[in-house]
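Number of protein chains: 2
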Amino acid sequence: MKILYNLEELEIAKNEYKQKSIAFVPTMGALHAGHLSLIDRANSVAENVIVSIFVNPLQFGPNEDFSKYPRDIDRDINLLKSKKVDYLFCPNFTKDELLKIKQISAEPELANILCGKFRKGHFDGVVTIVNYFFELIEPDYAIFGEKDYQQLKIIEAMVNNLSLNIKILAAPILREASGLAMSSRNVYLNQSSRLKADEIYKNLSSISEEIRSREEIQGIINSYKEKFINSGFELDYLEYHWSRIFIAARIDGVRLIDNMPA
Amino acid sequence: MKILYNLEELEIAKNEYKQKSIAFVPTMGALHAGHLSLIDRANSVAENVIVSIFVNPLQFGPNEDFSKYPRDIDRDINLLKSKKVDYLFCPNFTKDELLKIKQISAEPELANILCGKFRKGHFDGVVTIVNYFFELIEPDYAIFGEKDYQQLKIIEAMVNNLSLNIKILAAPILREASGLAMSSRNVYLNQSSRLKADEIYKNLSSISEEIRSREEIQGIINSYKEKFINSGFELDYLEYHWSRIFIAARIDGVRLIDNMPA
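First to last, the sequence lines map onto chains A and B.
For what it's worth, the numbering used here labels the leading residue of the first sequence as 1096, then goes sequentially.
For what it's worth, the numbering used here labels the leading residue of the second sequence as 1096, then goes sequentially.
The shape of chain A in the complex, shown without the other chains (with noise of 0.2 Å):
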């Protein structure tokens, strides 16, 4: 694993790497077997795997945990050199420079909810030092996990608003055998806060279940059926995907078909 601490070992290690296909994996560092999934996956799809390891300033908040956002560089790189990664970039821009590379906006439609509606302006700076990254690595793929799940949406879109030839691809998230979620963020918790977290996954867990397992939209589709039917119509189905409504009926032999959001 060649480690890249500028734009100039970048730059060389580029010239080594042009003619293979580059998975890239970025990261904020304090590592967990969460992103060393990202990494498999990566590997799968690539000849060669670069990760990054740099936390960045646009995406924290004024009263976020930036500063103390866990570093451990030294625990970092002996991680990844378990798993095979040809390069590993780790930059120190500053937040000063940061601020002169191109600035990218969120996607709003996806921006202004969840995470984005309590992080003012925290995917605005991950879409950009994404599209940065994106910009200096040049990658054939980039490998993002899905407990960020908001942040893959809105770098998909911006990778389809920018037309980048990239493509995104996602991995699951990866839990602690309790069910809890891995995240750098976890080492926060001490031990009364960690089995309180428990609870976050046995409670989605069972909302999961429950949401499932609701007959409400199997019953009104089922009237609806009968209704066609006894209208006259053959229905090859009327059915649920996708937040959608789809259906194909014939009428006296031809075969029509409609959807529309549900």
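Careful, some of the hints might be misleading.
Copies of one chain are not kept apart here, so a pair can be met inside one copy or by any two copies together.
[Stated by the list, open to error] Straight-line C-alpha distance at most 27 Å; calculated DSSO-like pairs for lysine-lysine:
{"no.": "1", "residue 1": "K1320", "residue 2": "K1215"}
{"no.": "2", "residue 1": "K1320", "residue 2": "K1242"}
{"no.": "3", "residue 1": "K1215", "residue 2": "K1195"}
{"no.": "4", "residue 1": "K1262", "residue 2": "K1115"}
{"no.": "5", "residue 1": "K1262", "residue 2": "K1197"}
{"no.": "6", "residue 1": "K1163", "residue 2": "K1242"}
{"no.": "7", "residue 1": "K1262", "residue 2": "K1113"}
{"no.": "8", "residue 1": "K1320", "residue 2": "K1297"}
{"no.": "9", "residue 1": "K1178", "residue 2": "K1097"}
{"no.": "10", "residue 1": "K1297", "residue 2": "K1115"}
{"no.": "11", "residue 1": "K1195", "residue 2": "K1115"}
{"no.": "12", "residue 1": "K1195", "residue 2": "K1176"}
{"no.": "13", "residue 1": "K1320", "residue 2": "K1291"}
{"no.": "14", "residue 1": "K1297", "residue 2": "K1322"}
In short, the hints are calculated from the structure, not lab data.
Fair warning: this is a prediction, and the values are worked out from it, not measured in the lab.
Following the hints, put chain B in place on chain A, whose structure we already have.
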């Protein structure tokens, strides 16, 4: 509008348009206002617009309407002349010729439901011809209507899986005044079938409204919100989006996020 009847004429056109941005609107002809809206969308994103008209035998099953599918190229050409269309590509590939091109399989997870369940092999035929036309035309954009929403999802997956550098744009369903989704196959409907067909939109709208107004999910979420708060969590949010349940919760000052499908 230049009409390109074969690969040689397309090759000459490509030499003309290769420096321009290109939006491609694939159709099977029998054009209606829905298709014309795709052409408007195409003109809004690219310098040149290419429409194709080709009734693709690969996507019709043995008992389907390939031979009687409505064809009227002169009427179609006149309709296209009402719009800015730079090129019309209307080749006459035979099924035998098409069986010699690269055969693509549609993503099974997307293709085995809905229309794919009732039209075996249909989506394989679609992605095979669409990929072939993409290779021939090399567009920057391709426009697909949301009426064929499953097709849209399958083509997006194909572009993603094959890492094609083509941006897929979706355009909304256009409807007759009665609400019936515009379709080339509507010409098959006689007067009484047409009245019956109008019930599709009316019923889909009612289903959509009933599903959207359901309070069950919000009820489940509210009861869990209470539970979290009673356990001493500070909740930033507990919300349902994109068919997933999302949480951001603070425990003794540590902010944790998690999410899962629901």
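Hints versus structure:
| no. | hint | in the structure |
| --- | --- | --- |
| 1 | K1320 with K1215 | between (45 Å within a copy, 23 Å between copies) |
| 2 | K1320 with K1242 | between (38 Å within a copy, 20 Å between copies) |
| 3 | K1215 with K1195 | within (20 Å within a copy, 55 Å between copies) |
| 4 | K1262 with K1115 | both (15 Å within a copy, 24 Å between copies) |
| 5 | K1262 with K1197 | both (21 Å within a copy, 23 Å between copies) |
| 6 | K1163 with K1242 | within (21 Å within a copy, 51 Å between copies) |
| 7 | K1262 with K1113 | both (17 Å within a copy, 25 Å between copies) |
| 8 | K1320 with K1297 | between (36 Å within a copy, 13 Å between copies) |
| 9 | K1178 with K1097 | within (13 Å within a copy, 56 Å between copies) |
| 10 | K1297 with K1115 | neither (43 Å within a copy, 55 Å between copies) |
| 11 | K1195 with K1115 | neither (30 Å within a copy, 31 Å between copies) |
| 12 | K1195 with K1176 | neither (33 Å within a copy, 48 Å between copies) |
| 13 | K1320 with K1291 | between (46 Å within a copy, 15 Å between copies) |
| 14 | K1297 with K1322 | between (40 Å within a copy, 12 Å between copies) |
The structure does not agree with the numbered hints 10, 11 and 12 stated previously, though it agrees with the rest.
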